[in-house]
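Residue numbers (the UniProt record's numbering), protein chains in the order written: chain A, 1 to 288; chain B, 1 to 288; chain C, 1 to 288; chain D, 1 to 288.
The hints are simulated quantities; they were obtained by calculation from the structure and are not laboratory data. Each hint should be verified, as a subset may be incorrect.
Any copy, or any two copies together, can satisfy a pair, since identical chains are not distinguished.
Claimed, not checked - Taking lysine-lysine and the DSS-like style, the derived pairs with C-alpha atoms no more than 30 Å apart in a straight line are: (1) K101 / K19; (2) K248 / K190; (3) K252 / K133; (4) K25 / K78; (5) K25 / K150; (6) K19 / K32; (7) K78 / K19; (8) K248 / K32; (9) K211 / K133.
Given the structure is predicted, the values throughout are model-derived calculations rather than measurements.
4 protein chains.
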Amino acid sequence: MTMSENNVNAFLLFTCPDKNGIVAKITQFIYKIGGNIIDLDEHVNQNQQFFSLRIAWNMSNSTIPASKLHETFEPLAKEFDAHWRIEFSNQKQRVAIFVSKYDHCLQEILWRYNMSEYDIEIPLIISNHPDLKPIADAAGIPYHVFPITKETKPEQEAKEIALLRELNIDLVVLARYMQVLSPNFIREFKNKIINIHHSFLPGFVGGNPYKQAYERGVKMIGATSHFVTEDLDEGPIIEQDIMRITHKDTIKDLIRKGRDLERIVLARALAYKSEHRIIVDGTRTIVF
Amino acid sequence: MTMSENNVNAFLLFTCPDKNGIVAKITQFIYKIGGNIIDLDEHVNQNQQFFSLRIAWNMSNSTIPASKLHETFEPLAKEFDAHWRIEFSNQKQRVAIFVSKYDHCLQEILWRYNMSEYDIEIPLIISNHPDLKPIADAAGIPYHVFPITKETKPEQEAKEIALLRELNIDLVVLARYMQVLSPNFIREFKNKIINIHHSFLPGFVGGNPYKQAYERGVKMIGATSHFVTEDLDEGPIIEQDIMRITHKDTIKDLIRKGRDLERIVLARALAYKSEHRIIVDGTRTIVF
Amino acid sequence: MTMSENNVNAFLLFTCPDKNGIVAKITQFIYKIGGNIIDLDEHVNQNQQFFSLRIAWNMSNSTIPASKLHETFEPLAKEFDAHWRIEFSNQKQRVAIFVSKYDHCLQEILWRYNMSEYDIEIPLIISNHPDLKPIADAAGIPYHVFPITKETKPEQEAKEIALLRELNIDLVVLARYMQVLSPNFIREFKNKIINIHHSFLPGFVGGNPYKQAYERGVKMIGATSHFVTEDLDEGPIIEQDIMRITHKDTIKDLIRKGRDLERIVLARALAYKSEHRIIVDGTRTIVF
Amino acid sequence: MTMSENNVNAFLLFTCPDKNGIVAKITQFIYKIGGNIIDLDEHVNQNQQFFSLRIAWNMSNSTIPASKLHETFEPLAKEFDAHWRIEFSNQKQRVAIFVSKYDHCLQEILWRYNMSEYDIEIPLIISNHPDLKPIADAAGIPYHVFPITKETKPEQEAKEIALLRELNIDLVVLARYMQVLSPNFIREFKNKIINIHHSFLPGFVGGNPYKQAYERGVKMIGATSHFVTEDLDEGPIIEQDIMRITHKDTIKDLIRKGRDLERIVLARALAYKSEHRIIVDGTRTIVF
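With the rest of the complex left out, here is chain A (with noise of 0.2 Å):
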């Protein structure tokens, strides 16, 4: 790894046993450091006396390379015995995008990739169907097609993961992707997969959403992005939101009008995830 340190930021994710003492030791730390405090956000969950911190600092005094950050921090995460990674803004987040045939949660990823909003790398775009291949290959972007039938699912898998490792990805973006994908599949990107749902979990899981709700009769419809593990539509939530709806509102619109929601909680999820704002706490997130 090299680097050019000057305007480099370095961002701190950490989580413990509360403790007395925490953030003054490592604040203490990045000043020793040379490091410039930008943004501190902690948390204490008192229940669980679970402690959770977000630091991003400026390199461009740093003391030390971001090449040796790692061992140096060491000691004194093992002291407070804590789960931390540190990632720096000028090693891009390399994220795969998963589709099936619907665009807009695509489009509006590429968009505003395009626009430079997310600090990210998208080196590949992955779906079951041919159909949006036109827009991968506007944006430059390569399109691989892996169709899925229930015999061909358990190799087509292996090959998406072997393509995925093979690319260094970091993170696994379903976009209105329509499949299940299996339990191996997901503990190989463990915290690493980003689906969008379609409505405002708990409520209406599973298929149809849209309908279970005009059915319902519910006045609003949402949109919850969630890390995905094995229990359908059970992941951390990292975000959601919701529209007013009528009884003037068929199946159909309110399909229109979702799409708006899945667009927006979708792309603010990636933002949050871009900028290293995400912690899970079991069942749970914290964004900072």
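Could you slot chains B, C and D onto chain A? The hints should help.
Same frame as chain A, but now just chains B, C and D:
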């Protein structure tokens, strides 16, 4: 029934199988009897060919008295095989409020009642606990305590029903009343009992929804006002709203924040009912 | 005009001084010509005794052709001294999009256009800069560049007007077009030019509203879509929305977040227009 | 000052020119005196190199008493040339409510006060009218009437100021108080007077904002809570919120709907103040 027809408004709520010419005939009828239409809203559920209509008109120049309106309109309604009712602005709906120990929804309703936001009368408040009597006293509204145990429930409910009948109650509002009403009670007041549930239904039915919401890690909490049916928390929804929360909010915070939602959502549902805006359409509501 | 009347909907937009019997007579008219009313919304501004109405009806069983509808309805409209128009679902409004260098509003409109959310045609895009031509090319829409300087403005606008006339343009959408149109241009397309302003009007008129918002320290930013009149940012408002911000947001953040508002607010305003839902009532709009 | 330090929380609000190591030194200080940090939020305004910080810590194991904290911390604050203050959870802010004739904001505050949502004391209510005395009486809070005319204003304000001083008032809340305070009064309570204005500032300053909103034809109304400065409606904004309206709403409807906004926005601003969350930064506020 004697009434001054000056400045009285009539409200027609009307549903029937869809057909051509319904609006034409009904508005023609109102025109002929000297009514001046103030507000008209119609909706056709095209899947089910279900027509619904609300018309409000002023009776200042009416050529027939309010007391004759029902029988005069009936032949037209029969022609369309309709369900319908006509209400008058000078016949206030008589509302009973049911409470337990939480006062926020009751206070909200009483404050709005006092501000004349609702065109209703509240002849009594019923509770299974004596705690909120001082609030009722301050408002000058009789407060009846019917303590409920598993054993006494049938007889206590029978007394409540008798009292509600005696006072010609049109609507029962459960303002955080912490008792499940019996099927018998519910049948007695079909589509005439409004409840406030402290979650975004259908998420988190049953008890402790804020605890459920906390544990699921949702990013928004909600409240839902609905008609009470025999299936707990499954009745037709009248109004819902939500509020954003974060990982910093404890269950106690959710309870506190949720109070604001419960108050406002129940208050709106009661406003819609008091303005004769709601038609129940199976498991759903039309709120004009 | 030849049209298949199967599945054609007609839309009447109608305003007049308030009087008894208007709805009755108009719905009677529609009934007699075999129209089936799908949607009806009326409003009486009681202060000004101003009546307004939108009716949508299906013409599948119409006893008169669409081409005769105007002259058949005219006598009734005269009786009420009305302003009115009738539109048909198979006569798509022809919309010209004006842009400068920002692409987000244009992209949003084109995506929805492509998804068939709007019942419109976009025969051309006009810009004072060549930058967005590739987007127009990808969408297969002619892109005309009219560079504007203080000196060339009158002649360039004259060319634009000629082109818009030639192409029978019904509506001009300023999708972050960074030029003030001359009074002459505005008069030519009275109530036919929709703008998006990047603030919650009437706050922050004129240039740099995000900078103004930052400096004033507001806790929410907004966007406003309005008809263009000769008074800058003073035209009748069609739609507005807002987004919460915090002290952490820089002007750059406001610009980025505001893009999402601008897109959605302009998109909604165009939807309302394309569905024939808007009546201008002096300095205000009625959006049915 | 005597206090039990068990379960007392301390709150530091701290601003200074930005520099490396501030957080490290302050958290080190808190660690050394046995404080357990519960919440820490910092912000650097990078344009102006302005650093701001809020830390809440528990003093159960504090090695120095609260009474010594100020002098112990002072040298560190001087090192950074800081503005700062330390507050304690067991020293309730003393709040005076000013009202005129509208009761909704007062009722809202008193209900929350009664629910212990605020960690404050309300030793008195001041009004220029006797109307709301019964509400104060019911809450057991002294109610002082100071009728104001143009002539009597200086002497009446002088009496008010004397009374506020005598009662050690920390904060004045104008809960729809319909009098403009004199510059003298405002200087006396600099950044200690919170007002609620019934519009989305900077839109519709001055009188009759709902009438202004109606006439401008906005699609949303708002309310704004801000600190009072000598420039009317120009003080630093603490909180804002909005509500959607339609062409059907009359001015009277806006007034009624706006009451809900005014109540909630003022209630939130008071909550932020009571939790020591607000720092005034020139014309803006930082709300941690």
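Quick one: K211 to K133, C-alpha cut-off 30 Å, is that within a copy, between copies, both, or neither?
Result: close within a single copy only, 29 Å intra versus 40 Å inter.
From the Cα coordinates, with 30 Å as the cut-off, is the pair K78 and K19 best called within, between, both, or neither?
both (13 Å within a copy, 29 Å between copies)
Within, between, both or neither: K25, K150 at alpha-carbon 30 Å
Answer is neither; intra-copy 53 Å and inter-copy 58 Å both fail.
Intra- versus inter-copy proximity for K78 and K25 (alpha-carbon distance at most 30 Å):
both (13 Å within a copy, 22 Å between copies)
State whether the alpha carbon distance between K252 and K133 is at most 30 Å within one copy, between copies, both, or neither.
within (26 Å within a copy, 33 Å between copies)
Please sort K248 with K190 into within, between, both or neither, judging by C-alpha distance up to 30 Å.
Between copies, since 24 Å is at most 30 Å while 42 Å is not.
Copy assignment of K248 with K32, given that the CA separation must stay at most 30 Å
Result: close only across copies, 26 Å inter versus 63 Å intra.
Go through the copies and call it for K101 and K19: within, between, both or neither, with a Cα cutoff of 30 Å.
neither (50 Å within a copy, 39 Å between copies)
One pair to classify: K19 and K32, alpha carbons no more than 30 Å apart. Within, between, both, or neither?
both (22 Å within a copy, 13 Å between copies)
Hints 1 and 5 from the list above are not met by this structure, while the remaining hints are.
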